[in-house]
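*Asks:* Listed below are the residues making up each chain.
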Amino acid sequence: KNQVEQSPQSLIILEGKNCTLQCNYTVSPFSNLRWYKQDTGRGPVSLTIMTFSENTKSNGRYTATLDADTKQSSLHITASQLSDSASYICVGSNDYKLSFGAGTTVTVRA
Amino acid sequence: KAGVTQTPRYLIKTRGQQVTLSCSPISGHRSVSWYQQTPGQGLQFLFEYFSETQRNKGNFPGRFSGRQFSNSRSEMNVSTLELGDSALYLCASSQDSRRVNGELFFGEGSRLTVL
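Residue numbers (the working numbering), protein chains in the order written: chain S, 5 to 114; chain Y, 295 to 409.
Please note that the accuracy of each hint is not assured.
Listed next, the in silico DSS-like pairs over lysine-lysine satisfying Cα-Cα at most 30 Å (straight line) [unchecked claim]: (1) Y:K351 / S:K5; (2) S:K101 / S:K75; (3) S:K75 / S:K61; (4) S:K5 / S:K75; (5) Y:K351 / Y:K307; (6) S:K61 / S:K101; (7) S:K75 / Y:K351; (8) Y:K351 / S:K101; (9) S:K21 / S:K61.
Because the hints were derived from the structure by calculation, they are not lab data.
With the rest of the complex left out, here is chain S (with noise of 0.2 Å):
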């Protein structure tokens, strides 16, 4: 059964500092994995793709990695503004459906 599983469930952050957030995902066959930013009320807006064979992928202050072997991805927020607050959200990919992880809520206080 594909699964992804999500770490932290939420978080909260000063604005100015980084944050990783993780993401464990069971899927077979792999295709792809990405990483969606969700603010509140509003639709996912995609942040990063990852295939097997890429390992790093920023997008700005954010930087996605891969570990194929391991079956692990993290996001990585550089330098937290207030608009990063958000539902961040991992999903794994194969040839046919995408699994949704629960999303992180991240909160960046001022």
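Fit chain Y to the known structure of chain S by using the hints.
*Replies:* Just chain Y now, with coordinates in the frame of chain S:
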């Protein structure tokens, strides 16, 4: 380039009623998928349509149905509404979600409240 448009954005229904939600994908996109999002469950896949054909279906009861038109616009219908159907319903479009790096573009969602 216009994004994914979902209508209505908000609606309130009572138990037993039915509801139809609409999704207009990005121009040129042929794949439309629907998701239910609730606070405790995260995003749950409902179904996907590609070129007017349902290509994939999640584990939802038959009260949830959908269709796609020749212009790729899609509708989903929920009949005999239950309180538990209260959720944010998201639509996502892509050129083809089965492409390895197929990008998904989500709409802003339709917030359904069932009283």
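*Asks:* May I ask which of the numbered hints given earlier this structure violates, with the numbers listed in increasing order?
*Replies:* Of the numbered hints given earlier, the structure breaks none, since each of them holds.
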